[in-house]
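K.L.:
So the protein lines, in turn, are chains A and B.
Residues 1 to 562 in this note's numbering are what the first sequence lists, from first letter to last.
Residues 1 to 79 in this note's numbering are what the second sequence lists, from first letter to last.
The set of hints was computed from the structure by calculation and includes no laboratory data.
It is possible that part of the hints are untrue.
Simulated pairs of lysine to any residue, SDA-like, Cα-Cα distance not exceeding 25 angstroms [what the hints assert, rightly or not]:
{"no.": "1", "chain 1": "A", "residue 1": "Lys92", "chain 2": "A", "residue 2": "Leu19"}
{"no.": "2", "chain 1": "B", "residue 1": "Lys71", "chain 2": "A", "residue 2": "Arg322"}
{"no.": "3", "chain 1": "B", "residue 1": "Lys71", "chain 2": "A", "residue 2": "Arg518"}
{"no.": "4", "chain 1": "A", "residue 1": "Lys409", "chain 2": "B", "residue 2": "Leu6"}
{"no.": "5", "chain 1": "A", "residue 1": "Lys323", "chain 2": "B", "residue 2": "Val61"}
{"no.": "6", "chain 1": "A", "residue 1": "Lys480", "chain 2": "B", "residue 2": "Leu6"}
{"no.": "7", "chain 1": "B", "residue 1": "Lys71", "chain 2": "A", "residue 2": "Phe492"}
{"no.": "8", "chain 1": "A", "residue 1": "Lys402", "chain 2": "B", "residue 2": "Arg13"}
{"no.": "9", "chain 1": "A", "residue 1": "Lys141", "chain 2": "B", "residue 2": "Phe76"}
{"no.": "10", "chain 1": "A", "residue 1": "Lys143", "chain 2": "A", "residue 2": "Gly177"}
{"no.": "11", "chain 1": "B", "residue 1": "Lys71", "chain 2": "A", "residue 2": "Lys92"}
{"no.": "12", "chain 1": "A", "residue 1": "Lys141", "chain 2": "B", "residue 2": "Thr75"}
{"no.": "13", "chain 1": "A", "residue 1": "Lys141", "chain 2": "B", "residue 2": "Asp78"}
Non-contacting residues of chain A with respect to chain B, defined by C-beta distances greater than 10 angstroms in every case (computed) [what the hints assert, rightly or not]:
{"no.": "14", "residue": "Ala15"}
{"no.": "15", "residue": "Gln45"}
{"no.": "16", "residue": "Ala288"}
{"no.": "17", "residue": "Trp432"}
{"no.": "18", "residue": "Ser464"}
{"no.": "19", "residue": "Arg490"}
{"no.": "20", "residue": "Arg518"}
All C-beta atoms, glycine included, are put in the ideal place defined by N, C-alpha and C.
Okay, here's what each chain looks like letter by letter:
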Amino acid sequence: MADITAIPPGLLLVAAGLLLPLLRGRLQDALVLLVPAVTLWLVWQVPDGVVSTVTLFGHTLEPVEGTRLGRLFATVFCIMTFGGGLYALAIKQPLELAAAFVYSGSAVGVTLAGDLVTLLVFWEVMAVGSTLVVWCGGSDKAKAAGLRYLAIHLLGGVVLMAGIAGEVQATGSVELGPLTLDSPARWLILAGFLLNAGAPPLSAWLPDAYPEASPSGMVFLSAFTTKTAVYALLVTFAGAELLVWVGLYMVFYGIVYAILENDMRRILAYSIVNQVGFMVTGIGLGGALALNGAASHAFVHILYKALLLMSAGAVLHATGKRKCTDLGGLFRTMPITATLGIVGALSISAFPLTSGFVSKSMISGAATGGHLMYVWLLLAAASAGVFLHAGIKFPWFVFFQKDSGLRPKEAPLLMRLAMTFFAVLCIGIGVWPQPLYAMLPFPVDYVPYTADHVVTQLQLLLFSGLAFFAMLPALRRTLKITLDWDFFYRRFASAIAGEFTTESLRAAARAERMAELRAQRFVAGLYRHHGPEGILARSWPTGSMVLWVAVLLAAYLVLFYL
Amino acid sequence: MEDYWLVRPRAGRILWGVFAAILAATVLAELLIERHAHFGIDGIFAFNAWYGFGGCIVLIVFSKALGAMLKRTDTFYDG
């Protein structure tokens with residue numbers, strides 16, 4: 001087996017992505033559905049430990065290293081690529097699928113990378129692939145948002161590369177492993193990872209760019225960038241206390257902005273930051289329970305967020321509308337999409353018997369073990385807030401609320417199949433979490449289903465629901481957006497640039513005027529001397545020639561006789 | 001033609017009644033089970049119920065206050 005596993009399994013997805021646009025029809029469909037399954041099989045052929053090494057510039061790179069954590073993330077990435085591919089086949093855009101496969105393949109590459117250089121290479125390919133997925137949204141807004149997205153991620157890549165270069169310089173090793181925050185280089189590595197996780201202050205790229213992608217594009221985007229960042233943080237900075245506070249900020253940022261948001265897919269985009277916040281908090285708490293919680297939460301979150309975005313995407317596909325103010329009452333004609341979307345909404349809210357219930361509580365459970373009362377209280381309030389902003393708000397405003405008068409057709413068959421696939425996984429993991437627990441990085445002795453836990457969780461969620469309906473008038477959506485940190489580069493920086501541009505344009509205009517004046521003077525001079533009326537261009541009368549010749553001859557004669 | 005049963009006023013009243021009954025049931029269920037409080041505060045009766053309700057109210061009010069400052073028309077960045 002060593003021959004096959006020496007090549008990073010993610011490269012198979014990348015290769016398939018590059019091949020996809022060249023194929024047509026059923027062959028293309030087959031590739032989209034088969035390659036993720038084969039990649040998953042390959043991932044599970046990779047044994048624990050370093051499988052292959054490459055020596056480059058005196059450093060030993062480890063393109064493939066099997067770890068429990070890496071395998072867990074690679075597994076869910078492959079499942080996601082399969083389900084997302086199935087969904088995307090309903091509105092087949094070969095270029096988007098190609099970009100998505102390159103993107104997901106490099107994400108799988110990150111999870112099996114044994115060293116920092118391999119990780120960085122796949123990291124950068126991810127940035128390119130995901131930008132192409134955003135651009136495949138097709139609109140002018142998608143192009144502009146994609147460019148902003150790319151700029152931020154290239155900046156993150158540079159920060160990460162600078163950190164890795166400093167780390168290699170200081171330690172002489174490219175090994176990927178736990179790091180302590182004791183050098184500027186390591187802070188840069190942390191910053192590079194956190195940028196991709198959607199941490200403050202640069203988190204606005206996520207709700208800015210993702211909702212501009214196509215329905216299927218955003219499904220892919222939701223899964224890989226933020227979760228590879230969670231994976232990388234789990235490997236390198238587990239237990240760094242700073243991450244608890246960064247994570248809590250993200251959790252509440254996501255809730256507050258989602259409460260204020262009108263665009264259904266931006267609500268879900270803010271909700272990604274919120275959910276990644278739970279994971280980052282878990283990583284910061286450290287310890288087997290919290291890290292298991294963060295890892296399993298990443299796993300289940302990919303599935304239910306994909307499901308939520310698939311149902312939102314189906315609505316967008318059917319109606320062409322994305323704002324809550326334009327939507328409502330769609331349960332009448334899209335009951336399957338609505339039901340499956342609600343399964344996703346219940347899962348993200350961590351209702352008993354869904355996947356969120358068996359994973360999220362491990363994180364808050366770790367906060368009780370550590371006697372961190374305020375962290376625990378904040379996480380509990382945040383869990384209530386998740387139900388508020390994603391669990392009820394999304395389905396309520398899209399499928400119920402008022403009757404918008406829209407009577408769209410139910411989602412296409414392939415979309416329904418993909419949503420059903422993820423809904424089954426969401427409930428399946430919720431009912432039978434043992435297979436997931438068996439894959440976690442540390443041994444699990446956690447029992448999610450105790451009477452205490454079920455009752456308290458139901459109280460927390462259902463009374464949040466009561467608060468939602470009690471406060472419904474305050475939650476009515478309007479045609480508004482909420483300013484975020486991206487204001488500083490979209491308006492403030494561009495205003496500064498504009499200011500200097502005005503001045504420099506004026507100077508340029510002055511210089512141009514001067515140059516023009518000079519050129520005009522030069523041309524006028526030329527004209528005066530060499531133009532048709534110019535003194536040097538005048539045709540001389542023959543008479544004056546003869547006269548001058550006569551004068552010269554006379555002068556010669558005079559000189560001769562002297 | 002009459003609209004879907006779910007949106008008739010009568011269905012709304014029934015749903016509110018069912019919801020209220022479930023809320024009461026989750027609170028009363030606490031009497032039947034053994035609670036494990038980790039801190040002092042979460043040992044209070046029906047802690048999660050009022051904490052979830054209150055927490056959400058606070059979150060909504062805070063969001064509205066922040067929104068009053070930070071909200072702009074959704075064409076703010078266009079053009």
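K.L.:
With a cut-off of 25 angstroms on the C-alpha distance, tell me whether Lys323 (chain A) and Val61 (chain B) pass.
P.N.:
22 angstroms, holds
K.L.:
Given the hint that Lys143 (chain A) pairs with Gly177 (chain A), test it: the Cα-Cα distance must not exceed 25 angstroms.
P.N.:
Status violated; Cα separation ~37 angstroms.
K.L.:
Taking C-beta pairs only, is Ala15 (chain A) more than 10 angstroms away from all of chain B?
P.N.:
38 angstroms, holds
K.L.:
Per the stated criterion, does the least C-beta distance between Trp432 (chain A) and chain B lie above 10 angstroms, as a non-interface residue requires?
P.N.:
23 angstroms, holds
K.L.:
Verify this label for me: Ala288 (chain A) is non-interface relative to chain B, using a Cβ-Cβ cutoff of 10 angstroms.
P.N.:
18 angstroms, holds
K.L.:
Please work out if Lys409 (chain A) and Leu6 (chain B) have their alpha carbons no farther apart than 25 angstroms.
P.N.:
19 angstroms, holds
K.L.:
Are all C-beta atoms of chain B more than 10 angstroms from that of Arg490 (chain A)?
P.N.:
Not fine: 6 angstroms to the nearest Cβ puts Arg490 (chain A) too close to chain B.
K.L.:
Going straight from one Cα to the other, do Lys141 (chain A) and Asp78 (chain B) come out at no more than 25 angstroms?
P.N.:
Roughly 9 angstroms between the alpha carbons, so the hint for Lys141 (chain A) and Asp78 (chain B) holds.
K.L.:
Does Arg322 (chain A) lie within 25 angstroms of Lys71 (chain B) when you go C-alpha to C-alpha?
P.N.:
Given that 25 angstroms is the threshold and the Cα spacing comes to 19 angstroms, the pair holds.
K.L.:
For Ser464 (chain A), is the shortest beta carbon distance to chain B beyond 10 angstroms?
P.N.:
5 angstroms, violated
K.L.:
If you draw a straight line from the CA of Lys71 (chain B) to the CA of Lys92 (chain A), is it 25 angstroms or shorter?
P.N.:
Distance ~37 angstroms between Lys71 (chain B) and Lys92 (chain A) Cα, so the pair is violated.
K.L.:
Taking the shortest Cβ-to-Cβ distance between Gln45 (chain A) and chain B, state whether it exceeds 10 angstroms.
P.N.:
43 angstroms, holds
Violation of the numbered hints given earlier is confined to hints 3, 6, 10, 11, 18, 19; the remaining hints are satisfied by the structure.
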